[in-house]
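Enquirer: Residues per chain are reported as follows:
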Amino acid sequence: MTTPAAGWLTGSLARAHPLTASARSITFTVPGWPGNDAGQHVDVRLTSSDGYQAVRSYSIASAGPGGEIELGIDRLPDGEVSPFLVDDLALGDTVELRGPLGGWFVWRPEQTQPVQLIAGGSGVVPFIAMTRTHASVCSSAPMQLLYSLRTPNDAFFRDELSQPSATARTTWHYTRTVPPGWSRSAGRLTAEDLKSKTLPPEQAPLTYVCGPTGFVETVSRALTSLGHAPDTIRTERFGGT
Amino acid sequence: MAVFGGRRRDDNPALPPGQHLTESFPVLSAGPSPSISTEDWEFFIHTETGQTHRWNWDQFLALPSEDITVDIHCVTSWSKLGTGWKGVSLDTLFAEVETGLDFVMAHSYGGYTTNLPLEEVLDGQAWIAYEYDGGELEPEHGGPARLLVPHLYFWKSAKWVRGLVMQSEDNPGFWEEYGYNLHGDPWREERYS
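These protein sequence lines map, in sequence, to chains A and B.
Just so we're aligned, residue 1 is where the first sequence starts under the working numbering, counting upward by one.
Just so we're aligned, residue 1 is where the second sequence starts under the working numbering, counting upward by one.
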């Protein structure tokens, strides 16, 4: 596990681009950042001119050594921090960062067992770090992603995930609107979908599930009903504000 | 340069440093929520003499219960004030337990563990809760019963709790092994190790 740097570090926004109409990729240069494992997260602290502070935790889309980290932030309608990061933060602006945090929901290059990733919405961010790491180390461990989205326009990192050079195959699933000619109608992931689109228990995969609480509850329950042992399923949930 | 205004101004004295208020009830757990029927449920306290005190669901519900209204604080920085629970005080459960050890490891269905000093779960500081907000405790929030230790970060309030094992030292539990603080006092911001 990459252990956190002591205290708060200063990150300067180096690059940014929109991911969707409501989400943005932001990459910070962070002097002193110790690097991070794929799947770890970071606390972001903002301070207003009168000293008021707000802290939120975000998954990191990048991994490995180096003094940069990339986040993929979705603007929450009633959020306090995410609208600022998505809409206002300008290149060169600074925030405070603490981390990397968390040593459980991670994938490390030395892992050899098959890996199934299952993302709901912006829950794909830690999996971007995992698929990038998987590609960069030429891992021989099978890895694939099932990505559940409301509509085709909601995909984060679609181009990257669809690249021919991607070593982890992505299967797309849509809950509200499907692309033209899509074979399955829009709807929530069912146990049947999971059975046909994810690695079966016989292959003894480690399955990672990340998304909103309801999504994670439904998917992880369906996975256990399909015969996956609970201790082979790792979950990360987000909810609240 | 963009200037962060901030909207919430949670200068509520009930809010520990670095925390913000939430009205919802976010979930933090490491794996699937186990499904435990109350027919199979039991709670135990295991001591250094090898003695195990056990309660099944009916015996547990027959114990004196308390209505508890407390603030809860998650390490991921949300706090929820004035949450209402019903449960059995650990003082009640420890009434007949004799131990010379100073620490406990809470064990949950599903394999989760978390460590606590014994003196921080006695004297009205901790409960095994089985109702939340007037209704039964949902599985995703730790039902049928969870540990409730509101003065520490909420990962210490083990969901799906099944028992406590006395230990001589403050050995780390699950999240504590993964970099969370051994103790977890929100007022001292003991988030990470």
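Do not rely on the hints blindly, as some may be mistaken.
[Claimed, not checked] Reference listing, derived: stretches of chain A covered by chain B, where coverage requires no fewer than 3 residues with Cβ under 8 Å from a Cβ of chain B: (1) 26–39; (2) 52–64; (3) 112–121; (4) 134–140; (5) 197–208.
[Stated by the list, open to error] One-sided and incomplete, this derived list gives chain A residues near chain B with beta-carbon spacing under 8 Å: (6) Thr3; (7) Pro4; (8) Leu46; (9) Thr47; (10) Glu70; (11) Ser183; (12) Ser185; (13) Thr213; (14) Glu217.
The hints are simulated quantities; they were obtained by calculation from the structure and are not laboratory data.
Treat the numbers as computed from the prediction; the structure is a model and nothing was measured.
Ideal placement from N, C-alpha and C gives every residue a C-beta, glycine not left out.
Enquirer: So, for every hint listed, does it hold in this structure?
Expert: Against the structure, the hints come out as follows:
no., hint, result
1, 26–39, "violated (count 0)"
2, 52–64, "holds (count 6)"
3, 112–121, "violated (count 0)"
4, 134–140, "violated (count 0)"
5, 197–208, "violated (count 0)"
6, Thr3, "holds, 7 Å"
7, Pro4, "holds, 6 Å"
8, Leu46, "holds, 4 Å"
9, Thr47, "holds, 7 Å"
10, Glu70, "violated, 19 Å"
11, Ser183, "violated, 29 Å"
12, Ser185, "violated, 27 Å"
13, Thr213, "holds, 5 Å"
14, Glu217, "holds, 5 Å"
When each numbered hint is compared with the structure, violations occur for hints 1, 3, 4, 5, 10, 11 and 12.
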